[in-house]
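Trainee: Listed below are the residues making up each chain.
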Amino acid sequence: MIQLTAHELRRLQETGQANAESIARAFLDAVRRHDGQVKAFLHLDEDEVLRQAKAIDAKRAAKQPLGPLAGIPVAIKDVLCVQGQPATCGSKILQNFRPPYDATVVAKLREADAVLFGSTNMDEFAMGSSTENSAYQTTRNPWNLDCVPGGSSGGSAAAVAACEVPLSLGTDTGGSVRQPASLCGIVGMKPTYGRVSRYGLIAYGSSLDQVGPFARDVGDVALLLESIAGHDPRDSTSGPRPSVAYSQTVDQPLKPLTIGVAKEYFAEGLDPEVEKAVRTAIDVYKSLGATIKDVTLPHSRFAVATYYLVATAEASSNLARYDGVHFGHRAADYRGLRDMHCKSRGEGFGTEVKRRIMLGAYALSSGYVDAYYLKALKVRRLIKNDFDQAFADCDVILGPTSPTPAFRVGEKSADPLAMYLSDIYTISANLAGIPGISVPCGFSSSGLPLGLQLLAAPYEEEKLLRVARMYEQATEWRRRRPPLVAKDA
Amino acid sequence: MHVVIGLEVHVQLLTRTKLFCGCSTEFGLPPNTATCPVCCGLPGTLPVMNEHAFQLAMKAALALHCSIARYTKWDRKNYFYPDLPKNYQISQYDLPFSNEGWLDIETSAGPKKVGILRAHLEEDAGKMLHDEAGAGGDSLVDLNRTGTPLLEIVSHPEMETAEQARAYLEKIRELLRGIEVSDCEMQEGSLRCDANVNVHVPQVDGTFVATPIVEIKNLNSIRNVERAIAHEIDRQLNELKENVGKEWRIDESKTSVFGDRKVRRLEFKNKDGAWVPVSKTTAGFDDRFGRTEIQRRKEEASDYRYFPDPDLVPAIVSEEQIARVKGKLGELPEHQLARLRSQYGLSEYDADILVRNGRPFVGFFEAATEVCGDAKEAANWATNDVLSLLKARNETVVEFPITGHKLGEFLAEIKKRKLNKQRAREVFAEMLESGSHAVAAIGKLGIQSVADEGQLLEMVQRAIASNAKAVADFKKGKVKAADAIKGFVMRETKGQADTEVLQRLVLEELAKAP
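Chains A and B are the protein sequences, given in the same order. The opening position of the first sequence corresponds to residue 1 in the numbering used here, with each subsequent residue numbered one higher. The opening position of the second sequence corresponds to residue 1 in the numbering used here, with each subsequent residue numbered one higher.
Since the hints were made in silico from the structure, they are not lab data. Computed from a predicted model, the values in this text were never measured in an experiment. Treat the hints with care, as some may be off.
What the simulated footprint calls covered on chain B by chain A, stretch by stretch (three residues with Cβ under 8 Å from a Cβ of chain A suffice, anywhere in the stretch; the number is not a length) [as the list claims (entries may be wrong)]:
1) 75-81
2) 85-91
3) 304-316
4) 364-374
We treat Cβ as the ideally placed atom computed from N, Cα and C, and that holds for glycine.
Turn these sequences into a full structure, and let the hints guide you.
Mentor: Next up, the structure:
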């Protein structure tokens, strides 16, 4: 049962072959079997999961109307607020924080009758590409337990890949949904900035952060996205458009289809196996009738530098509130307010978070703000203009999600710059605010999954999902399971 | 010598809810009860702009003759302080919503136009409650005020006396109350003022030496603004005398231009032995001793790392929006004052008190006048009895049980019945107590003034006929003897005879008596 999609689990309940409780128990079992090794979950309250599942079953028994995710377990990245449940952001500084309110996406999942299935591990404050920056545990890649699952939403990706849950939510600030989806062999999507409410998403880079769905196929991603999208009056940066029934159209192939291929996405540092898999995917699209067109994104080479100024500047301000006064860890011994601030933050934040706060504070400081932060905003505009021009000639832009397959735990932790480069192909979409999706497109010789990234113009999620689904339907990659799950079955 | 004064005025806007969330802005609620996840800055929360606050701010800026920006944005001002739970304040930095206006003030030296540099919107911080005993106990934070909409109005440094600063503040208060943008209560903190003060002292070569600017923070009354500035001017002159040639020297290398003056700065030797400008500093004001107290001079200015708040969208203001707010602006206080004087023939004094107490109060007066037709009497009652009652009851005129219309009815009634002031006040008190109309209150008090001349005449004649002694005494010149006649009639009427009519009748009839 745990290998089924959300769509299939829904059908089982409708036909009476399973109910929400039996589904929840199956996934709780899977967690019990595998999560000791995978370490995807930070917090999972079994009683609370079963309580929700039973409530859905009672609703069904009473013939009350049920939402589109009725009885489907959904795991949540530990950066999203669930009323009364911990939200640590993978940080010691928020170890004891229990938000008194639900994030808008969480409220929407409840409305859709989903079963909230615990919170997942992440890089501290979503800063990282491997989930090694968690203050609590290192999540492992279910395909190879010596490898990282990617990050920062590594827990959510690994949980879905290991069939510990059918669906999960992550957040994507520079690739934190798409990159771990790619490394874990599942589908992950970053919607348009403003498509999904950020209310209750604990901010890292506010102008880049976006909540995104993980699933094992594109159809399920469409289903989860339609449940969480739409305007939110609590988030002024959310777009005015209501949600769209993506799952109703996702099976319709897009014809005619023009796919843009940018040479900048096949740059130095791209693993040959990744390149080969992506080029093969282009051939698949050709065979499906797509026109392939060269496009150019000349400013994409500045994307990583721009990102590490914009995101860190915003983070330096967003994370100022964790000072031991109102929120977060407070040092035990201090002399006066300033000492309390310094010690509490010094003890509560990890190395990468401190590094980014310092970078961001520097980029905003008087005398440097023009050369760094304001310059970065200008380059960001140019990157957006590149995409606007490119999408005048094509429906989607295709390339690799990550330059390499999953790397080994510890391999890049001593070299932040190498780690930053693993987001080189995903970062531009956040700077431009456009939607992107990662779809499995093959395996490396060592058996690690590879991912294909598709990008579209703002609010073209429907198109993006249909194009991704065409490829998925023409290939069989989504049916493969990591060894530990296959062995299970 | 020239004194240079610039004022930064913060006023809380009269919105029901805060600038970025739905919490109440009511003053005086129990600590930390008017709070929510947003104004507490809880992780994950986002601000959403209060449209009404923006409209009120625009209204104020237009009344100050400022130009309204078509594009304005929100910025974060980053600094660590416990009254600010996010450790940044949402404010406006380089693109405020309004710029360059002016305010006309009156002083003993005549009228003056004071330029306004800008007005911008920002969120208020919370309140810190420190251990008053000074015993080093924990400080407490009350976040009720956090997120209250604040309008910051920054003047040009164009005031030259403490009196002008006072007049400026009084004028701002009158204006903003008049257009119902703020209640401007300094005691409640809905109007706060920081004063930037320095002095330009003439030199033999025709240039001026500028003392370092001191920003006097958190002045809590208009009187204290005046006192603090006066003290600060003396303090700076003394400081200058004591320090020049010792700690300080005049920078002879260059001058800057201030109006028609050439101004030189002061320098001091920093710890590396280099001469650097003496920086601007802040001061507090000690109310008890009337003294400004300088806080430590910092070598570096604080760096607030301003940047655009990514959680809010820029506000685009259309011509139509500006026109709509202008339409709602109504009559400005200065125009209202002139109209009250010409239309109702009020004294400047009365008109001024009415205008100062805001538009609803003027409306109250005008409603009363319309009903009773006696503007002078309506103004008297409004500015004396009503104002002191409002103060005692801690109410606004809108909450006051007696409306302008009811006051008008009351005034018409006491005039008709010729009730004396004493009686009138009893009626007014009854109206206030029961919420009833004047006629009902008079009825309830059993006041039926007997003013019917025929009836009274008959009683007077009866009294005279039956009181020969009084008549005789009166004839002998004992004027007091008339009291006996009046007393008789008052007893007959149970004290409700119209005293004026009675007095006249008694004298007439006594004169006629044989």
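Trainee: Take the hints in turn and mark each one as holding or not.
Mentor: A quick look at each hint next to the structure:
1. Coverage of a stretch by a chain is defined here by at least three residues with a beta carbon nearer than 8 Å to that chain's beta carbons; for the stretch 75-81 of chain B and chain A the count is 3, and the condition holds.
2. Under a criterion of three residues with beta carbons nearer than 8 Å to beta carbons of chain A, the stated coverage of the stretch 85-91 of chain B is upheld, 4 such residues being counted.
3. Under the rule that three or more residues need a Cβ within less than 8 Å of chain A, the assignment of the stretch 304-316 of chain B holds, with 7 such residues.
4. Check result for the stretch 364-374 of chain B against chain A: violated, 0 residues qualifying (beta carbon to beta carbon below 8 Å, three or more required).
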